[in-house]
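Build out the structure end to end from the sequences listed, making use of the hints.
Sequence order for the protein chains is A, B, C and D.
Under the working numbering, the residues of the first sequence are numbered 2 to 268, in order.
Under the working numbering, the residues of the second sequence are numbered 2 to 268, in order.
Under the working numbering, the residues of the third sequence are numbered 331 to 613, in order.
Under the working numbering, the residues of the fourth sequence are numbered 331 to 613, in order.
Calculated from the structure, these hints are not laboratory results.
There may be inaccurate statements among the hints.
Stated by the list, open to error - Just so you have them, the derived chain B footprint on chain C, three or more residues with Cβ under 8 Å:
#, segment
1, 336-347
2, 352-358
3, 386-394
4, 443-457
5, 486-496
Claimed, not checked - Residues of chain D placed beyond 12 Å of chain C at every Cβ, according to the derived structure:
#, residue
6, Ala362
7, Pro375
8, Arg466
As the list claims (entries may be wrong) - Computed from the model, here is a short list of chain A residues facing chain D with C-beta under 10 Å:
#, residue
9, Val7
10, Ala51
11, Glu75
12, Thr76
Cβ atoms here follow ideal geometry from the backbone N, Cα and C, with glycine treated the same way.
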Amino acid sequence: MPDGPVHVQGEVVATKRVGGYRHLTLTAPGVPERFRAGNFVALTADGHVARRAFWVHRVRASSAFGPTLDVVMETRGSGTAWLAAQPVGAKVAITGPLGRPFALPKDAVSCLLVGEGYAAAPLFPLAERLRERGCSVSLAVSAPDEAHLLSALEARRSARAVTVLTADGSVGVRGTVADHVGDLVGRSDADVVYAAGPHHVLHAVAAAAESAGAWSQVAVESPTPCGTGLCHGCPLPVVGEDGVDRVVRACTEGPVVRGDRVRWASL
Amino acid sequence: MPDGPVHVQGEVVATKRVGGYRHLTLTAPGVPERFRAGNFVALTADGHVARRAFWVHRVRASSAFGPTLDVVMETRGSGTAWLAAQPVGAKVAITGPLGRPFALPKDAVSCLLVGEGYAAAPLFPLAERLRERGCSVSLAVSAPDEAHLLSALEARRSARAVTVLTADGSVGVRGTVADHVGDLVGRSDADVVYAAGPHHVLHAVAAAAESAGAWSQVAVESPTPCGTGLCHGCPLPVVGEDGVDRVVRACTEGPVVRGDRVRWASL
Amino acid sequence: MSAQVPGPVMVAAGCGGTGRELEPFSGHAGLAGLDLVTRSLTLDPRPGGPGPRVAEVPGGLVNAVGLPNPGLGHFLATELPWLVRAGVRVHVSIAGATMGEYAELAGRLSTAPGVAGLEVNVGAPDEAGAGLFEVREPYHAASVVAAVRREFPADRPLLAKLRPDVSRIVEGARACHEAGATAIVVGNAVPAAFADGRPGGLSGPAIATIALRCVATVRDALPAVPTIGCGGVHDVTSARAYLDAGASAVQVGTALLHDPTTVARLRASLSTPPSADTPEETA
Amino acid sequence: MSAQVPGPVMVAAGCGGTGRELEPFSGHAGLAGLDLVTRSLTLDPRPGGPGPRVAEVPGGLVNAVGLPNPGLGHFLATELPWLVRAGVRVHVSIAGATMGEYAELAGRLSTAPGVAGLEVNVGAPDEAGAGLFEVREPYHAASVVAAVRREFPADRPLLAKLRPDVSRIVEGARACHEAGATAIVVGNAVPAAFADGRPGGLSGPAIATIALRCVATVRDALPAVPTIGCGGVHDVTSARAYLDAGASAVQVGTALLHDPTTVARLRASLSTPPSADTPEETA
Ligand SMILES: Cc1cc2nc3c(=O)[nH]c(=O)nc-3n(C[C@H](O)[C@H](O)[C@H](O)COP(=O)(O)OP(=O)(O)OC[C@H]3O[C@@H](n4cnc5c(N)ncnc54)[C@H](O)[C@@H]3O)c2cc1C
Ligand SMILES: Cc1cc2nc3c(=O)[nH]c(=O)nc-3n(C[C@H](O)[C@H](O)[C@H](O)COP(=O)(O)OP(=O)(O)OC[C@H]3O[C@@H](n4cnc5c(N)ncnc54)[C@H](O)[C@@H]3O)c2cc1C
Ligand SMILES: Cc1cc2nc3c(=O)[nH]c(=O)nc-3n(C[C@H](O)[C@H](O)[C@H](O)COP(=O)(O)O)c2cc1C
Ligand SMILES: Cc1cc2nc3c(=O)[nH]c(=O)nc-3n(C[C@H](O)[C@H](O)[C@H](O)COP(=O)(O)O)c2cc1C
Ligand code: FES
Ligand code: FES
Numbered sequence: 002m003p004d005g006p007v008h009v010q011g012e013v014v015a016t017k018r019v020g021g022y023r024h025l026t027l028t029a030p031g032v033p034e035r036f037r038a039g040n041f042v043a044l045t046a047d048g049h050v051a052r053r054a055f056w057v058h059r060v061r062a063s064s065a066f067g068p069t070l071d072v073v074m075e076t077r078g079s080g081t082a083w084l085a086a087q088p089v090g091a092k093v094a095i096t097g098p099l100g101r102p103f104a105l106p107k108d109a110v111s112c113l114l115v116g117e118g119y120a121a122a123p124l125f126p127l128a129e130r131l132r133e134r135g136c137s138v139s140l141a142v143s144a145p146d147e148a149h150l151l152s153a154l155e156a157r158r159s160a161r162a163v164t165v166l167t168a169d170g171s172v173g174v175r176g177t178v179a180d181h182v183g184d185l186v187g188r189s190d191a192d193v194v195y196a197a198g199p200h201h202v203l204h205a206v207a208a209a210a211e212s213a214g215a216w217s218q219v220a221v222e223s224p225t226p227c228g229t230g231l232c233h234g235c236p237l238p239v240v241g242e243d244g245v246d247r248v249v250r251a252c253t254e255g256p257v258v259r260g261d262r263v264r265w266a267s268l
Numbered sequence: 002m003p004d005g006p007v008h009v010q011g012e013v014v015a016t017k018r019v020g021g022y023r024h025l026t027l028t029a030p031g032v033p034e035r036f037r038a039g040n041f042v043a044l045t046a047d048g049h050v051a052r053r054a055f056w057v058h059r060v061r062a063s064s065a066f067g068p069t070l071d072v073v074m075e076t077r078g079s080g081t082a083w084l085a086a087q088p089v090g091a092k093v094a095i096t097g098p099l100g101r102p103f104a105l106p107k108d109a110v111s112c113l114l115v116g117e118g119y120a121a122a123p124l125f126p127l128a129e130r131l132r133e134r135g136c137s138v139s140l141a142v143s144a145p146d147e148a149h150l151l152s153a154l155e156a157r158r159s160a161r162a163v164t165v166l167t168a169d170g171s172v173g174v175r176g177t178v179a180d181h182v183g184d185l186v187g188r189s190d191a192d193v194v195y196a197a198g199p200h201h202v203l204h205a206v207a208a209a210a211e212s213a214g215a216w217s218q219v220a221v222e223s224p225t226p227c228g229t230g231l232c233h234g235c236p237l238p239v240v241g242e243d244g245v246d247r248v249v250r251a252c253t254e255g256p257v258v259r260g261d262r263v264r265w266a267s268l
Numbered sequence: 331m332s333a334q335v336p337g338p339v340m341v342a343a344g345c346g347g348t349g350r351e352l353e354p355f356s357g358h359a360g361l362a363g364l365d366l367v368t369r370s371l372t373l374d375p376r377p378g379g380p381g382p383r384v385a386e387v388p389g390g391l392v393n394a395v396g397l398p399n400p401g402l403g404h405f406l407a408t409e410l411p412w413l414v415r416a417g418v419r420v421h422v423s424i425a426g427a428t429m430g431e432y433a434e435l436a437g438r439l440s441t442a443p444g445v446a447g448l449e450v451n452v453g454a455p456d457e458a459g460a461g462l463f464e465v466r467e468p469y470h471a472a473s474v475v476a477a478v479r480r481e482f483p484a485d486r487p488l489l490a491k492l493r494p495d496v497s498r499i500v501e502g503a504r505a506c507h508e509a510g511a512t513a514i515v516v517g518n519a520v521p522a523a524f525a526d527g528r529p530g531g532l533s534g535p536a537i538a539t540i541a542l543r544c545v546a547t548v549r550d551a552l553p554a555v556p557t558i559g560c561g562g563v564h565d566v567t568s569a570r571a572y573l574d575a576g577a578s579a580v581q582v583g584t585a586l587l588h589d590p591t592t593v594a595r596l597r598a599s600l601s602t603p604p605s606a607d608t609p610e611e612t613a
Numbered sequence: 331m332s333a334q335v336p337g338p339v340m341v342a343a344g345c346g347g348t349g350r351e352l353e354p355f356s357g358h359a360g361l362a363g364l365d366l367v368t369r370s371l372t373l374d375p376r377p378g379g380p381g382p383r384v385a386e387v388p389g390g391l392v393n394a395v396g397l398p399n400p401g402l403g404h405f406l407a408t409e410l411p412w413l414v415r416a417g418v419r420v421h422v423s424i425a426g427a428t429m430g431e432y433a434e435l436a437g438r439l440s441t442a443p444g445v446a447g448l449e450v451n452v453g454a455p456d457e458a459g460a461g462l463f464e465v466r467e468p469y470h471a472a473s474v475v476a477a478v479r480r481e482f483p484a485d486r487p488l489l490a491k492l493r494p495d496v497s498r499i500v501e502g503a504r505a506c507h508e509a510g511a512t513a514i515v516v517g518n519a520v521p522a523a524f525a526d527g528r529p530g531g532l533s534g535p536a537i538a539t540i541a542l543r544c545v546a547t548v549r550d551a552l553p554a555v556p557t558i559g560c561g562g563v564h565d566v567t568s569a570r571a572y573l574d575a576g577a578s579a580v581q582v583g584t585a586l587l588h589d590p591t592t593v594a595r596l597r598a599s600l601s602t603p604p605s606a607d608t609p610e611e612t613a
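This is the structure in structure tokens:
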């Protein structure tokens with residue numbers, strides 16, 4: 002399979018409301034085949050010039066419709082409203098897979114995966130990959146409330162331990178990632194911490210990893226007007242390996258970057 | 002019921018493909034109640050600034066959904082494509098009833114109604130009104146082919162004679178309105194000829210009526226960006242009662258005008 | 331007594347028909363108190379241009395309507411009295427081929443009963459094509475304003491409507507204000523072309539950010555000059571963007587062609603200040 | 331030998347990433363022969379502006395990217411060689427704060443192997459904010475062109491990119507052509523503002539009719555001056571409107587951000603003349 006993303010006409014083959022989210026299953030010839038955990042896809046919403054980015058939650062190598070991918074969508078504005086309303090059979094232009102995926106450790110180390118809301122989506126395929134490599138995987142899924150919690154049921158196959166956090170305590174442990182991430186890093190004895198969620202969550206995770214001497218890989222969600230590296234519209238302030246401040250493209254040099262490289266205060 | 006149009010949120014309550022057309026039944030609170038034959042409605046197509054105009058084909062005073070109206074739609078570009086694809090339950094902004102309706106004769110005279118393609122739509126409710134007034138009604142429906150012919154079945158209740166014309170002869174008499182309208186006017190002994198269709202059809206009808214000494218009322222279809230008289234974007238060149246050339250708004254001073262008043266060559 | 335800036339919501343020139351056509355869509359308040367700018371009136375009647383006059387493009391319309399209007403005399407005799415009876419605050423837009431025509435229009439309108447104010451159209455998107463006085467430099471616009479101001483009572487608002495051209499708007503606004511304009515209408519259809527190259531003007535949401543830039547620029551350079559934002563206003567959010575950028579009022583044009591109730595809704599929403607707990611209507 | 335106008339389809343400045351990002355979307359032909367204008371390069375590296383840099387509006391985008399680029403030296407050392415190897419016809423867009431910077435950029439680029447041509451960016455939507463040389467009058471643009479032309483071989487195309495401002499485009503095009511520009515790129519993002527009033531530039535289908543008007547105006551006034559249409563090109567129909575209005579080529583910007591295959595598809599469609607029996611692709 003050649004490298005790099007493709008731009009294709011996809012089709013909705015399943016759509017399902019789960020709690021506060023819409024799960025869409027799409028065909029997108031070439032995209033599932035190229036996918037690695039942490040990649041995202043850009044979808045076209047009718048009448049909108051900018052693209053809409055979504056984490057790939059899972060891919061199926063084959064189904065009745067051929068290879069498919071799933072995204073988990075929260076309705077925010079008119080673009081997600083349109084996309085989430087697309088019925089089975091609707092055509093949607095898809096570009097992907099996009100962005101740098103999560104870097105996988107060479108050795109069978111101990112890993113903690115932390116995801117907030119829909120952004121936990123890319124951690125599920127990551128957990129599978131890590132498990133295949135013999136890593137010990139702990140997973141923490143967090144959300145404001147139960148409706149916005151991705152079900153961790155299927156993750157129990159890949160994860161040694163699963164922690165559920167809700168801000169309102171409606172299910173699992175009450176509290177936020179910031180409240181618990183120090184503990185989680187310690188308890189899991191993580192060598193690498195992976196995280197996906199809003200900036201403040203990632204910042205908390207990166208800080209906790211750093212103080213525990215662990216690596217962190219964070220999947221940053223900044224607005225990505227094109228998603229393909231063409232517009233430079235997605236500035237991500239980082240510190241380079243050389244110690245020099247830089248601004249890179251979140252969609253191309255990211256979205257997954259080392260947590261200790263992000264200049265959180267400039268975000 | 003107060004006069005004048007309303008702008009309301011309508012809802013698609015039925016959608017049906019008939020030959021080359023899409024028949025949509027819509028609720029539009031206040032519109033059916035105000036309707037007179039020859040009125041049109043302006044619909045909003047998602048993502049489009051200009052409005053899309055459609056003849057009202059029929060109104061039902063009551064149905065399971067309350068009063069409804071029907072339009073017959075031919076897909077032309079992206080606006081009609083969007084509208085024609087709306088499923089039952091879809092919301093559509095509707096303005097109407099718009100435009101001057103067909104003028105009805107005071108006496109029980111003999112009338113010929115000529116409609117081309119979907120534009121025959123407003124003639125059906127007109128036929129009913131004329132019949133109620135004791136007029137003798139002859140109806141001619143014309144189209145390029147059978148798929149674009151509005152079914153005249155229900156009109157047989159209101160019309161004494163129904164003539165079907167198709168350009169390809171697939172059904173009824175082969176030929177166009179221009180070919181046959183002279184005959185039709187003569188045969189029906191019409192005092193008034195009503196017509197709806199593209200400009201060249203209306204021109205032919207107006208000419209035939211004039212030479213037979215009959216009045217004509219033609220429903221002109223010029224692009225109507227707003228449909229409500231606000232933009233002056235729908236110029237219709239006419240000769241005033243005073244013999245002076247004028248340009249009036251097709252949507253407001255029309256769409257129904259006296260055929261002998263239109264400056265066809267300037268259209 | 332100096333003139334008050336109208337608003338906060340006005341009907342933009344040429345997008346309210348003769349005024350009457352808005353009545354069915356004006357809600358409970360009716361047309362009473364509505365600040366309506368008429369379509370631009372000329373001394374003599376004009377039939378307007380040939381069709382197609384309006385084309386739809388992404389986010390807007392291109393128009394070359396050609397200022398169809400019945401001429402000042404007919405307007406004064408028939409349309410104005412109706413509007414005044416309906417309680418409309420009538421701002422008459424005037425357009426001329428020469429400075430003298432502008433002055434004559436203003437003079438006759440100064441004595442017509444019920445004219446609330448004037449708006450001089452000095453930034454049409456195709457002046458040459460429309461046979462109007464060409465405003466190449468800001469001082470051309472200002473001299474029209476001065477000529478009109480001389481003929482029109484100082485206690486009634488005189489609006490100068492300029493093109494949303496950021497490289498000239500500050501100079502134009504300053505010059506027109508000094509020449510006596512009560513407020514500057516910042517925005518008109520942007521010079522554009524139909525698909526076949528024919529000249530026209532682009533209006534609608536597509537141009538909102540262009541006129542907004544000009545309003546913000548005038549606010550920064552000339553904080554004392556009142557502006558009225560015009561271009562792409564279609565909901566509370568787009569109207570507020572202008573007000574937040576310093577405009578005293580907004581004019582609504584193309585949005586009325588899309589939804590004739592727009593002005594009625596905006597008048598209802600913008601007459602009360604926004605509050606944290608009542609969500610505003612957006613479209 | 332005088333320089334040839336590139337085209338008929340080019341990638342507009344700042345909308346093709348570093349060039350590499352287009353490769354996966356360039357179809358069978360790959361990048362070979364692609365006329366790509368780089369993002370505007372400055373002498374020193376620039377990080378670009380803060381976020382949000384791009385906002386979506388009806389029919390387009392408003393951007394204030396701030397010309398992020400690695401500086402000329404880094405570009406020459408790393409990006410240019412890759413592009414040349416890939417067979418791209420590289421047109422380097424240059425931007426400077428002074429005439430001297432433009433001249434220095436041109437001088438260094440004149441000896442860099444593989445530079446097909448230059449484009450001078452003299453019509454950015456917020457020159458002041460971007461710290462660029464301000465082009466207030468057409469002769470300012472022309473003097474930049476003259477300074478650059480002196481440094482850059484006459485047999486390679488030099489494009490002057492001007493704002494789509496109909497009241498100045500003819501004068502600007504004439505002056506820049508006389509100063510040595512091979513062709514005039516008519517169009518850039520139109521000065522606009524974000525919802526909060528911050529300056530930016532409006533691009534995309536929303537502005538197509540604005541730049542088209544300017545192209546037609548230049549064609550009528552200066553039939554001998556080659557133009558390249560830029561603004562809102564997104565399908566064959568929108569590209570052909572420019573060519574029909576007299577442009578020799580088109581540049582595609584925002585459409586690539588929406589669909590990165592746009593240029594590959596347009597190159598395929600526009601390389602052959604339209605024929606009555608093969609329907610063209612439209613979007
Ligand atoms: C790498 C990445 C992955 C993402 N994955 C998911 C996912 O799996 N599920 C999901 O529900 N959402 C995801 N998002 C967020 C999603 O892209 C936005 O919610 C969506 O673009 C909002 O579009 P809208 O038209 O509904 O909202 P509007 O608020 O109307 O959008 C206006 C503009 O802002 C941009 N925008 C607004 N919010 C965001 C945001 N949070 N991130 C990026 N752009 C934004 C939009 O793209 C658009 O250009 C992801 C974003 C990124 C960058
Ligand atoms: C009074 C009136 C009554 C009509 N009644 C019917 C009807 O009952 N059934 C039906 O199928 N069609 C009817 N039409 C035509 C219908 O309005 C157009 O087919 C429709 O507007 C095309 O929109 P589009 O986006 O699909 O096409 P596009 O070609 O993409 O439209 C582009 C622009 O041109 C305008 N336009 C294009 N063709 C026409 C046309 N023939 N008339 C007016 N505007 C046009 C559109 O409104 C739009 O602004 C009527 C038109 C008028 C004026
Ligand atoms: C159909 C139409 C007719 C117009 N006629 C006039 C006019 O007569 N005089 C004038 O000053 N502006 C006229 N305009 C410009 C509008 O008043 C307004 O300034 C412009 O369209 C931008 O605002 P909008 O985006 O809200 O439409 C017209 C605009 C349209 C669309
Ligand atoms: C994100 C973005 C970045 C741009 N960067 C540049 C640039 O660096 N130099 C330049 O001359 N134009 C730049 N432009 C302007 C485009 O090259 C183009 O002239 C403009 O966007 C209009 O064309 P379009 O509608 O096809 O985008 C940029 C435009 C966008 C949207
Ligand atoms: S979103 Fe366009 S470069 Fe990243
Ligand atoms: S369509 Fe706008 S006035 Fe007739």
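Right, here's what the structure says about each hint:
1. 336-347: With 4 residues close enough to chain B, the hint holds.
2. 352-358: holds (count 4)
3. 386-394: holds (count 5)
4. 443-457: violated (count 0)
5. 486-496: Per the Cβ count (0), the hint is violated.
6. Ala362: 32 Å, holds
7. Pro375: 28 Å, holds
8. Arg466: 7 Å, violated
9. Val7: This hint holds: Val7 of chain A lies near chain D, its Cβ roughly 7 Å from the closest one there, short of 10 Å.
10. Ala51: 4 Å, holds
11. Glu75: Violated: closest Cβ of chain D sits about 18 Å from Glu75 of chain A, beyond 10 Å.
12. Thr76: Nearest chain D Cβ about 16 Å off; hint violated.
The structure does not agree with the numbered hints 4, 5, 8, 11, 12 stated previously, though it agrees with the rest.
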